[in-house]
Structure formats: C-alpha cells, structure tokens
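Same order as they appear, the protein sequences are chains R and A. According to numbering that gives the first Met the number 0, the stretch in the first sequence is residues 0 to 446, in order. According to numbering that gives the first Met the number 0, the stretch in the second sequence is residues 0 to 539, in order.
Bear in mind the hints are in silico, worked out from the structure with no lab data behind them. Note that the coordinates shown come from a computational prediction; the quantities given were computed from them, not determined experimentally. Backbone N, C-alpha and C fix where the C-beta goes; we use that ideal spot for every residue, glycine too. Only true hints are included.
Taking lysine to aspartate or glutamate pairs in the EDC-like style, the calculated list, with each CA pair at most 16 Å apart, reads:
id, chain 1, residue 1, chain 2, residue 2
1, R, K52, A, E169
2, R, K317, A, D529
3, R, K437, R, E401
4, A, K534, R, D387
Some chain R residues close to chain A (C-beta under 8 Å, calculated; not the full set):
id, residue
5, T41
6, K52
7, R299
Just so you have them, the derived chain R footprint on chain A, three or more residues with Cβ under 8 Å:
id, segment
8, 157-168
9, 461-471
10, 504-514
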Amino acid sequence: MEHIVIIGNGISGVTAARHIRKNSDKQITIVSAETDYFFSRTALMYVYMGHMKFEHTQPYESWFWKKNKIELKKGFVKTVDSKNKTLHFANGDTLQYDKLIIATGSKPNKFGWPGQELNGVMGMYHKQDLDNLEKYAPDNKACKRAVIVGGGLIGIELVEMLHSRNIPVTFLVREQSFWNGVLPKGESEMINREIKKNHIDLRLGVNLKEIKSDKNGNVKSIVIAETGEEIECNVVGLTAGVSPNVDFLKNSDLEIGSGVKVNRFLETNLKDIYAIGDCAEQHEVIGSRRSIEAVWYTGRMMGETLAQTICGNRIEYKPGHWFNSAKFIDIEYQTYGWVWAQTKENEARFYWEHKDGNKCIHLNYDKNTREFIGINNFGIRMRHDFFDRVLNEKRSVDYVLEHLADANFDPEFYTLHEAEIAAKFNKENNTNIQLKKKSWARIFSRA
Amino acid sequence: MKAIKHTGIVIFLIGLAIFTGTIFTGSFSLTSDELNTFINQKKYKSEIIKDELKKATVTSEDLNIFEFSSRVRAAYKASNDHYDAQIAKYNLEKNWDKKGEQYQYKIYGKPHTVSFELAKIAGKGYIKDNAGLVWWLTFGLGIIGALLFILPNYKLLGNAGIKNNGIYLESSTNRGFLAWLVLIYLVSFYLVLYFMPDYVVNWTFIFDPISKSLNGGPASQWFVYGFLYCALMLVMATRMYIKYRHNKYQILRTTSVLFFQIVFAFLIPEIMTSLNMPGYDFKNAFPLDYDFFFEWNLDSLKESGAIGLFILVWGIILTLVIVPVMVYFFGKRWYCSWVCGCGGLAETLGDPYRQHSNKSMKAWKLERWIIHFVLLFSLAMTAVTLYCYFTGTQSFLGINSQWIKDTYSFLIGAWFAGVIGTGFYPIFGNRVWCRFGCPLAAYLGLVQRFKSRFRITTNGGQCISCGNCSTYCEQGIDVRAYAQKGENIVRSSCVGCGICSAVCPRGVLKLENGPEEGRINPTDVLLGNDVDLMKLVNDK
Ligand SMILES: Cc1cc2nc3c(=O)[nH]c(=O)nc-3n(C[C@H](O)[C@H](O)[C@H](O)COP(=O)(O)OP(=O)(O)OC[C@H]3O[C@@H](n4cnc5c(N)ncnc54)[C@H](O)[C@@H]3O)c2cc1C
Ligand code: SF4
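Bound-form chain R, shown alone (with noise of 0.2 Å):
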C-alpha cells in the first residue's frame, strides 16, 4: 500500500489528507512537530481573549484519525532524504514515504533588529507564541505595555488580544495608513478610526529601530527609528509579516525560493515530493493574485486539489475567484474579487460609507465595460454564492447594485442600505437603478 506522508498538520496539510482518505486506503501519515492535533490557526487569538479553550480549536475529536485511518506522528523533520525517500527526525527517528506533501506554513519574519531574541519578543503563528504570550502578557501587572510592530492581518489581531486584557498597546506602522497596501484609502482610514477608538497608541509611518534589554534578557523598551522615541514595554510582538517555513529543506535537493517551487500541479522539482499551503511558491503567479499565497483558503483549495493528483486524476491547482475575510476588532471585512488599493487604469470604483463611519462597500468595475471586478464591504455581511456567480457570468457593476439584496447575508432584521447606495451611485453616476426586491429562485440558480 502506498505511504502517503504529509508534514505539517495544518489546513492544507490535513484538507489533502482529509481527501485522499476519501478517494483512496492509501497508508496515510500526518507529521507534525507543533501539536499531536490540528487545530484552527485563525483562532489562536480567541485562546487568549478567552472566547475559547485552546481544544475548542480543534476542528476534529481525537476519535476522528484513528476512524479514518490517518496516523499522526509528533517531532521535528530536519531533514529529507529524497534519494532513499526518507524522513530524519530531529530526534534520531526515520520514517519512509512512498510520495510527501510538505505542508508546512509559514513563521513570522524577523528582519534582524537588535533585540530581536529577547525574552518577551514573540511573533504569533505558533501554538507555542501563544503559550509564550501568556506567560509574558498575563496581565496588565506583568505586563504594563506592549508594543505591536508591523500593521497587517496578525498584527491587529495581536493588538485586539492585547487589549482584551486591558494591556496597553504602541501599534507601530510603517505605512502611513493601516494595510494601505491591500485596503483603498477609505477602508484603511476607517479601520485607523476604529483602532483609535479603542484607545490604541497608534504610531502610523514609523519603524522599529531596536529593542533595548534590562539587565535580566528581558525587553525594556523599544526604540522608533524615525523619532528615536523610546518607549517602554514588556513584550514586543513582531507582526511584519510572515515566510515560508522551509529552512529544514535549504541543504535538500528540493528547488527552493522564498518557498518550495511548484508547478501549477503543485509537484516540486523532484517526483513523487509535493507543496501546499503557506509555503509553497508557484513558478509563475496564477491571475492576480501572488506566488505565495499564505492564507486559509488557498491551503484548504490546494490541499483539495492536490488529492486528487495524488489519487490518480492528476488536476492543476485551478484556484477560482479570489475572496478574503478578516476582522479588524469590531468591524467586519469580506472582499470577492479583486480591489486593490490603487485603482487602475481600466477601472472605476464606487464608494460608499456609512455615516457613523464603520460599515462601507466599495466596488471596482470595468470603467468601460461596466463589468464588475470586486468589493469591499466591511460591518455589511455579503453571500459568497452571489459574487461568485456574479464574476464568473461576468456581469456588470449595475447587477450587482440591482441585485443588492440577493447579496446581502447579515442577520435578519438588520438595517439595509441598499436604497442609500444604489441613490449614491445614481447621483455620481447620472445612472437610474432601480433595486430589485431579494429573490430565492435568483440566489438559488445555478447557472
């Protein structure tokens, strides 16, 4: 029987499982040297804001690998040994492999500030950050300030968690905007808004210089770059970004970039050795979107996808349109399609925001073909199907204001907007669309 074994016990290393399981009795090892189970990486912050025990996490019950048959092995592979296709443990073990999946994610950058070692810096993508960051920031005794360095994604979330517990937080960015890479100017300042109104010291277009000891290894304060503003803190959470986790693989055979080189199959350079999630790197980058795509959803889509390559049907890794979702403290966001921060030469945008400041759409469409190519909508819950059904029949921007309440996915009872929105877009647009009323046999045709 085939051995299939798959390091890294995340999302993409455990969908692949999940799936091959489901196609095949291939022999099936899950390998991983962080936890003895998967668990949600995403939900690493709720632990500690105490909306959830660390076991809640956990997508599956033990019970479940044991009944389908899918072995989990704890410890730390240093190296691979592809000739004899071989694991070597970090503790003296091997484990063989017919075909490997490497699925091993990512770890937080460090770009080599002085201090960067010291006790009380941590990033947050480990279980073990989280233990770390409990024993650190207990409290607001032990911990009287934190500073947050680097303002995307984790780092807000590092910044909510913080505050959750009343410690007080220097959130440095080195843009002059929140995540004004990826967020237009409206979305990035509504998130500053909302930072702000929990009282975070936000510190916008700065970096960090360095990290200063006490005498005992511990942090001290921090030092801004621009300033040479010093700031005094117990924990420094490093939050500027995040990079393939493939430093065991650097002496291997296997072609390495950034991260692990696939092709559109996700088949490294050599046979029967394969890369999903976090880190692996597309030869060349697939539509819009990046080589490394270090989210949930791409690790779940190629591990979907690489099972069946595994089980026999050899399939591309096809991903379909791209859609995100985060929250920044109370404020919801979903993205479908694309946004990006600049608008570009072909495209229009329509923005509207809500008076009190915390929910906005914002639409991206063709300025000349009127197609539509993605929204922002953030504190406004928007249905996936729709969208997606929306990009793939290609259509308009006008649809898709028209067809607003088929769209809409809050709760029921909630205020709409769609009547205020459509009237703002007519009003720039010198357009009259009308709304149409909320259709079941709209939202459920699968064309």
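Dock chain A with the ligands against the given chain R, drawing on the hints supplied.
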C-alpha cells in the same frame, strides 16, 4: 464603573442572603378554630388526624417552619400508619369488608404539600406583617444590585461587538468554584420548590399582597416562582440588550421571550384566575404542557364553560396545527427561542453558560436517544390517561394511569425540566432540558429536520474553522463541522438562537427561511476552488 459593579454585586448578595434567610424566620401555630376550618374543608374521614394535628400545631410554642413541617408530617404519618395497621390486621383476619372500609380514612397527597397548606394559615411574624418592606429587601435589593452589576457593562465591555472576553478565564463562566456554588444554590432551590414547598412558605408571604391584587388569592410557591422567573428574565435580558446591542436579531428575540413570559405565562393566567377562569398559559403547548390532558385539567376545563372549551380546542390546535405549520415556515426557533418560557430563561439567565454544552458526537447520539424517549414517554402517558379518562378505568395495557402520570411528573416534570434543566446551567450549559429532555422540542425537531424552510446558510468557502460558532452553540451542535465543509446546517435540535451567526468573525452563518429545495447541500470541495473540480467532486 468597576466600583458601581462591585457595589452592585454586594447589594445583590445582600438581597439574596436576606431572601434565603427569610426561610428561617417567623413562627407557626394554629388556633383550634383555624384547624377545624381546615379539616372541615378537607373533608378528612380519619378519626385521629384531628387530634394528631391539634397536638402538633395548636400550641403556644414558637415553632419555626422546619419544626412545624416535621410535626405536621408526623401527624399525617401517624394517622396513615394507624389505618395501615388496621388494614394489615383485617387482612390477616381475612375480614375483607372491614379491610376495605379502612381505605377511606387514609389521607393521600404529598406530606410537604399539606404541610405547606397548613403553614400558609399558621405563619406569623415579621415577613407576613411587612411583606412590602421585605419585598424591597429581597427582590428590590436583588434587582437593583443585579442591574448595578450589569449596566456598567455598557462601558466596560468596550465598543459594541462580540465581547466574549475572559469567559474562559473566569471562575463563574469556566466551571470554576463560583459556577459550582451557583449550581448548588440552584439545585437546592429547585429541590425545595418542587419537593419541600412548605420550607419556603415565608417567600409566599412576601407575595401575598401582590398575588391578591392580581388574582384575588394568597400567593402559592408557584406564584413566587413565576414572579421570580419574570424578574430574573427581565434583569438578565438587560444584560443581553447590552451585550448584543449591535445585533437586532438578538434584541428582538430577547424582547419577544420577555413579552411572552411576562404577559402570556404570568399575567394572563393570573388575571384569568381572578376572573374565575382556569389560569392558562396560551403559548404553552402540549407535550411540554404535559398535564394538559390530565383528568383534573380536562375536568376543570369542562366546568369552565365557553372559555374552558376554547382552551381545550386552542390547546389541541396549537400542538397539531399552529406549531408544525410555524416550524415549517420559520423553524422551531419561533417557539424555542422566541416564545417558550424554558427557552426564555435559558436565553437570558442561561446565556453566560451557553458554552458548556457538550459538542461531542457521543453527546449528540445520547441526545437523540433520550429526547425521543421522552417524547414517546409523554405520548404513552397521555394515551393511558385519555383512555382511562374516557373509559373510566384505572389502567390501560397494564399501565396504571396514576402511576405513569406521577412517574412522569416526578422524573421529567420536576427532575429533568427543573432540577437538572435549570439547576445545572453553570456546568452543563443552559439548554440541557431543551436539548435532551423536552418532548415538544423533539416533536418540533422532527418537523424542522424533515419538513421546513429553515436552515443556517453557510457562506460559501468563508469559514476559517475557528470554532466560535460551535463553542457558543447552546444546543451542542458542532456548527463548524458543517460550516467548514460549506454545508448548510439543518439539525433538528437547532433552536435558532442566532448566536453562532453573531459570534462568527467571518460572516459565515445566516439563519434563513427559504425554499426547501437545496436546503441540505453536502459539499466536499468548497466554493472558491476550481469550478471543474467542484463539479467533479460535488456532483458525484
Ligand atoms: C494569528 C493568525 C491569524 C490568521 N488569520 C487568518 C484569517 O483570518 N484568514 C486567513 O485566510 N488566514 C489567516 N491566517 C493564515 C492561515 O492561518 C495560514 O495561511 C494557514 O494556517 C496555513 O496553513 P498551512 O497548512 O499551510 O500551514 P500551518 O498551519 O502553518 O501548518 C504547518 C505545520 O507544519 C509544522 N511544521 C513545519 N515545519 C515542520 C517540520 N520541519 N517538521 C515537523 N513539522 C513542521 C508547523 O509546526 C505547523 O504545525 C492567520 C494566521 C495566523 C498566524
Ligand atoms: S465561527 Fe464562523 S469562521 Fe468560525 S468556525 Fe464557525 S462558521 Fe467558521
């Protein structure tokens, strides 16, 4: 703000302490006249009960309720023992006529219940004389304290939004010491309420004036419970209003359960009683209202003329037509989390404990066995009762009607719904009864699962498997198991509280009523991936 909160909890605890303390106050004794009136009313045939009770209760001693209760119960026991001895004697002598005669002298009924009735007459003391003041010292302080404890959350929780911060870090909501204390208090409360009502007769004195003004009579323990229930819900509803102030579904739902509890379960029945009608809770549907078809209820309805007939017809239509039709259109939520009293308490008082429901597959299996068993039990009991009612027999298929009613009332009505159902909130979550025990929920669940437009829609591929939805599902549904597969949630136990949708950080879940077709949509590959792959795998 924190100071207000602390003051609030202290005031609340003082109120609670006084309330609990009142049990031990007052003195209980009867005059001969009072006793005679009581005995005449009761039409006891026993020749010795009068003497026994007189010895026990007509006294100048200063008896507290526990002494009084034990004396009264001893008196009844003495009387019954006497006739039991007679019965045994005549039995030995094979004197069947004499033996048969003895039975009429025996006094049936629960000892604590008759003791309660006597105590109601016998009680004297500060509470009875100062009901209004004591109300303020107990309920007044309790309510004010609780509100002071809750209202500052408006500021302390931070901006509107999901703020489950610290739930698993605090003893009271993480099955810690405080949670166990609350459990012990609640369980003791229910045990006393159901099985030793005489011990808390003092509480009823606090409510006599209110009860008289509402229904014309003195307060029973059920009046106290009904009032307490409404007060608890009202106070804890303000907590809900603050916690979910950004979420209209929660606000409306909370208002709805509050309305149905206060108006339908409490006020209307009281007013009906004052008008000499049978007090009836028009929203309480059989088989949750398990004694609807009991003889005493049918008889009482029969005697009440047009209104009685109306209630009878309404009760039957409610269960057979209204309930299932509404479930078809809206899911069982319209009842369980918008109308029902048990649900109402669970969604207000119980909300801080919703995370404790067990999400394991084992618990789900157990749930299906137990709840469907209770449904069958309630139906069997009703069948026996009705058969015996119409044929005038004592038993049906060898099942004694009185026995099965008593057993059901004791096991399901008192222990399951009360002691376990509410008493265990702090440890097993707030819907133990609704999930495992309620026969009406079982019935609604079958309709919801097989013939309904209700579902929780999963938003394509947006789930990140974080687990908030499952954690906060009070019914122990592993919501995430569906959401992470892109599959809608269609489960018989779902009461549609809407909290999964509220706590989901990615906007994945929406409670909806839509066409039945496509409601259940198992998927393997989620939306967002290759269209051809989705076709290949999902259409298989
Ligand atoms: C705090 C946080 C919040 C996030 N929120 C979101 C979000 O909201 N939405 C979203 O789309 N994405 C989010 N992400 C990103 C998302 O979690 C990742 O893209 C995803 O988890 C990657 O999955 P993976 O399976 O590729 O790798 P991982 O989940 O990283 O799993 C890899 C596993 O392999 C193990 N491993 C690595 N090397 C070895 C070795 N040599 N030997 C043994 N084991 C090894 C690692 O320890 C790890 O357990 C978030 C990430 C973080 C950290
Ligand atoms: S709360 Fe939302 S994102 Fe989290 S597991 Fe549930 S459905 Fe998925």
